[in-house]
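Novice: Full structure from sequences and hints, please.
Protein chains in written order, with my numbering: chain F, 1 to 442; chain R, 1001 to 1300; chain H, 2001 to 2315.
Keep in mind the hints are simulated off the structure, nothing from the lab. Careful, some of the hints might be misleading.
Some chain R residues close to chain F (C-beta under 7 Å, calculated; not the full set) [as the list claims (entries may be wrong)]:
no., residue
1, Thr1083
2, Phe1146
3, Leu1147
4, Ile1148
5, Val1150
6, Ser1240
7, Asp1245
8, Asn1256
If you want the footprint, here are the derived chain F segments under chain R, 3+ residues with CB under 8 Å [unchecked claim]:
no., segment
9, 77 to 91
10, 235 to 246
Only a predicted model underlies this, so the values are computations on that prediction, with no experimental measurement involved. Idealized CB from N, CA, C, for every residue including glycine.
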Amino acid sequence: MRRSALLALAVCSTATALLATGCSSSGSNSGGGSGSSQQTLTYWASDQGSSIADDVQVLTPELNAFTKQTGIKVHLEVIGWNDLLNRIMAAVSSGQGPDVLNIGNTWSASLQATGAFLPFTSDVMQQIGGSSRFLPGALAATGAPGKPPVGVPIYSMAYALYYNKAMFQAAGITTPPTTWSEFVADGTKLTKSGQWGVSVEGAQTPENAHHAFTFAAQQGGSFFDSSGKPTFDTPQNIAGIKTYVDFMAADKIANPSDAEYSNGTEAVKDFATGKAAMMLWQDAGQDLTNYGMSPSQYGVVPVPFADTSATSGPTHVDSIVAGINLSVFGGTKNKDAALKFVKFMTSQPTQIALNKSYGSLPSVSDAYTDPAFQTPTVKVFQNVLASSAAPMPAVATESQFETVIGTALKNLFADAASGKPVTDQSIASQLDQAQQQLQAGG
Amino acid sequence: MSDAASALRGNRRRRRSPRSPMAPPPAFLWTRRIVLTLLGLFTFVPLYVMVTGSLKPLQDVQSAFQWIPQHLTLRPYIDIWSTVPLGHYFVNSLIVSTCSTVVSVLIAILAAYAVSRYRFPGRQLFSVTVLSTQMFPGILFLLPLFLIYVNIGTATGVQLSNTLLGLVITYLTFTLPFSIWMLVGYFDSIPRELDEAAKVDGNGPIGALVRVIIPAAVPGIVTVAVYSFMTAWGEVLFASVMTDDSTRTLAVGLRNYASQNDVYWNQIMAASLVVSVPVVVAFLLLQRYLVAGLTAGSVK
Amino acid sequence: MAEARAAVRAAVTRHVRRAGLPYLLLLPAVLFELLVHVVPMLVGIVMSFKQLTEFFIRNWTAAPSAGLDNYRFALNFNGAVGSLLLHSFLVTCGFTVLTVGISWLLGTGAALLMQDPFRGRGLLRTYFLVPYALPAYTAAITWEFMFQRDTGLVNRLLVDDLHLFHTAPFWLIGGNSFWALVVTAVWRTWPFAFLVVTAGLQNIPGDLYEAAAIDGAGVWRRIRSITLPQLRPVNQVLVLVLFLWNFNDFNTPYVLFGNVPPPQANLISLQIYDTSFENWNFGSGSAMSVLLLLFLLVVTAIYLLVTNRRRKADV
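Specialist: Set out below in structure tokens:
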């Protein structure tokens, strides 16, 4: 009996072991970059192209060039936005992660607080060619002020107003709006059957948070005081958010269906297919081309301002500093190679090639010499980024902030879409709830 | 069912109606027709949407829904393979699901045999623990489990994070509680006399398990295997954190794919169908066993 | 003497072996359960007493103790976190009761109606099982497609074909999202109930029906006085399993609504996910999970006690 029991167990455990090794060996590659004879860096790239396969196609030639230059191999993994933050969390909490990775620049302060990323001290900056090469606006969104940043910008973006030229002409609008009252007046003219003044992405939390930030800033509002304490339901913030949500709620220049839009593509598609005449968007050239709208059909101008806001100073804000940063994971065993890679990715030729493919803006000034970045559209974005874009609040709870404010706006849009009034009170109560959630979370 | 009863039923069948001992009243027949038709439609509509959606050009899935497709195209089925390396993910999913199913079933058989045939201290504790693991929300395992895997990796050199092995272990454990519980029920329904007979023939307990119990429990084992396979095949959350691009599974691939191109509904539907077909076919082929397996297993 | 001692020793070892065998058989299961469930669960419980935010996630053993703060926050129903948790708990209760109730009803109803053979029965059975066989992810995403306001089938049917609404309603935001969630969950769940009840029906001895037939009982009487009581043990297990699965359901709402669900459809598992992964407060998320676990344990225990007692009383 004993023999047979042991035999059975032995059979089972061998089977398990066999299967396990079979499985693991076919899995190959465990990811972590161990630097033996030939150095290999693991690089987590965010999904910037139209698909992950597209990203691989864009990045591979550059990575090959890097390997040729330095002899360092790069193991590329493109991670969808759905999973990127969770993967980073897992890496941070376990200490096992990639060597170099992309992060959304609005996460900078939050990720900085974890202490799991290599601080880019002035020494480190020197190693990658100095901080003066970078656009100052983009460099501002790499961490909390006064602390060494946790990365450098690699792709830069900003918001602008996209408008459909033919529709403007048909409605007799000669110049694009520069204030919100003009914007709403034009939007009303442009709204008729099957066509709306503007398309918004009402259920997309980050998008909502970005707009809430900009619109509030124009009213002189701010979501955090100087000590980093949340101050959500100020009259300025409420006024700013009301202007934005009212596009749907009161002005009726946005399609109620937009309240459901959540994946960052529907609003662009509506604009491209002539269902909406305007949109407030980050560099959308690539997507618009994909949807069959040629650059000659639309115009790009800076986002309008509040009627009250000054032409300069702190309320002169018409965009967030949007973009992607390149960070080095603190647990890397290949720090020097990683920094070489950062230097390469932010070098002039690489910046030109990658940003051209992705339709984003270079984060280093010397890349703008390329004719691709001399077009009027790019000039608009470049100007915004240089003079009137503000970084999202650089607080450790920034990531939570985006979620709770974005959710508040999503709920307000849902109200607006179903015909419920959106009032100062309803905005205030949403903001109040969001703030309590944030505080309890911190 | 006794022989007499079945004979009786057989006679009646021939004599009266093709249904039951007593011809059901018309009200029953009408209820049956109506309810089953409605349920049939409820089941049908999403499946119909999936199939037709996958055959429509992008233009058509993005405009108002058409019951009858205006244009048909196979393009989505071609496009899905190039957008995401579905083929590679397919192989990964197959390996992970098969491995975790086989191991899970083996382990569950041993454990269920112990619980069903022996009374020992700790038996109750084991059962309760197994049951309660079903109640802890899976999301919360995610980080601790990842941490544990990484620590095992650093301590012993056995890489569990980002490998298929780690995923296999995770999944086989997900399905263990249900499998053990199902098999205990099934084993309980197998008469002890069979064990005794096997012992009289000179078999030890393991011999009895292998020669008598397992052959008698095939439907239960198939049920458990199908359940395990389906769970592993469709799991997304853990796979999304515990795999990298060389070990990614189909379900995560599908999700990644959908998340970035959410408006390409035709491709999403096509990819969903491709992902579903293997499990659905397997499930339906083995359905006969499932009914038999659950019959004994769920009743005890 | 020596022989006797040897015999005793042999008997003892035999006894030890016999007693040890069940443990040996359980060993692999216990090992894996420990690795993947029990230890992470304990880690989770430890986490729930820590202040585990972005500042400490890198080295969480060094995270300061939060004492009972995480629990206090979660259970303070006047605060934002507590009231949200309570709200999502109530939503989850409503969702679970409806989903389990409807699924059970549909599953049992269909199984009963299909108890007697008729032409095409086998095919229809197979067909009804398809939704359950689909990966959860695919089922939910198909429903998401159908619930789109402008391009979905649901509004096409309700607004354009049946003219039940003037303006197209929303299904993925606002109050309707709750019903969207229930319908999606029921679609996937009821075939399981159907499968289990169908299996359960095969176990009911045929002579019971024969006896009833001789007594002249009609179809409905048969169902009421034989089938349903006979199904009670099956139902006891089935309802419990459905309850646990749906109460913890994460996939369906996550696929339908994304990471931030509408408040009206905010299930507790999503609330916990948001607290942990969106708000980066793993301590608080763990505390909520532990509370959820306790709740489910208590409910399960009471349920088993009550149903077992009733079963015994009936017998």
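Novice: All hints are to be evaluated individually against the structure, with a verdict given for each.
Specialist: Now for the hints, and whether the structure bears them out:
For Thr1083(R), the shortest C-beta to C-beta distance to chain F is roughly 5 Å, which falls under 7 Å, so the interface hint holds. Satisfaction of the interface hint for Phe1146(R) is found here, the shortest Cβ-Cβ separation to chain F being roughly 5 Å, below the 7 Å cut-off. This hint holds: Leu1147(R) has a C-beta 5 Å from the nearest C-beta of chain F, less than the 7 Å allowed. Among the interface hints, the one on Ile1148(R) is violated; its C-beta lies about 9 Å from the nearest C-beta in chain F, farther than the 7 Å criterion.
Hint status for Val1150(R): holds, given a least beta-carbon distance of 4 Å to chain F, under 7 Å. Taking 7 Å as the C-beta contact cut-off toward chain F, the hint placing Ser1240(R) at the interface holds, the least distance being around 5 Å. Checking Asp1245(R) against chain F: minimum C-beta separation of about 5 Å stays under 7 Å; hint holds. Given the 7 Å rule on beta carbons, the hint for Asn1256(R) holds: about 4 Å separates it from the nearest Cβ of chain F.
Given as covered by chain R, the segment 77 to 91 of chain F passes the check, having 10 residues with a CB less than 8 Å from a CB of that chain where 3 are the minimum. A stretch counts as covered by a chain when three or more of its residues have a beta carbon under 8 Å from one of that chain; for the segment 235 to 246 of chain F and chain R the count is 0, and the coverage is violated.
Checked against the numbered hints above, the structure violates hints 4, 10; every other hint is satisfied.
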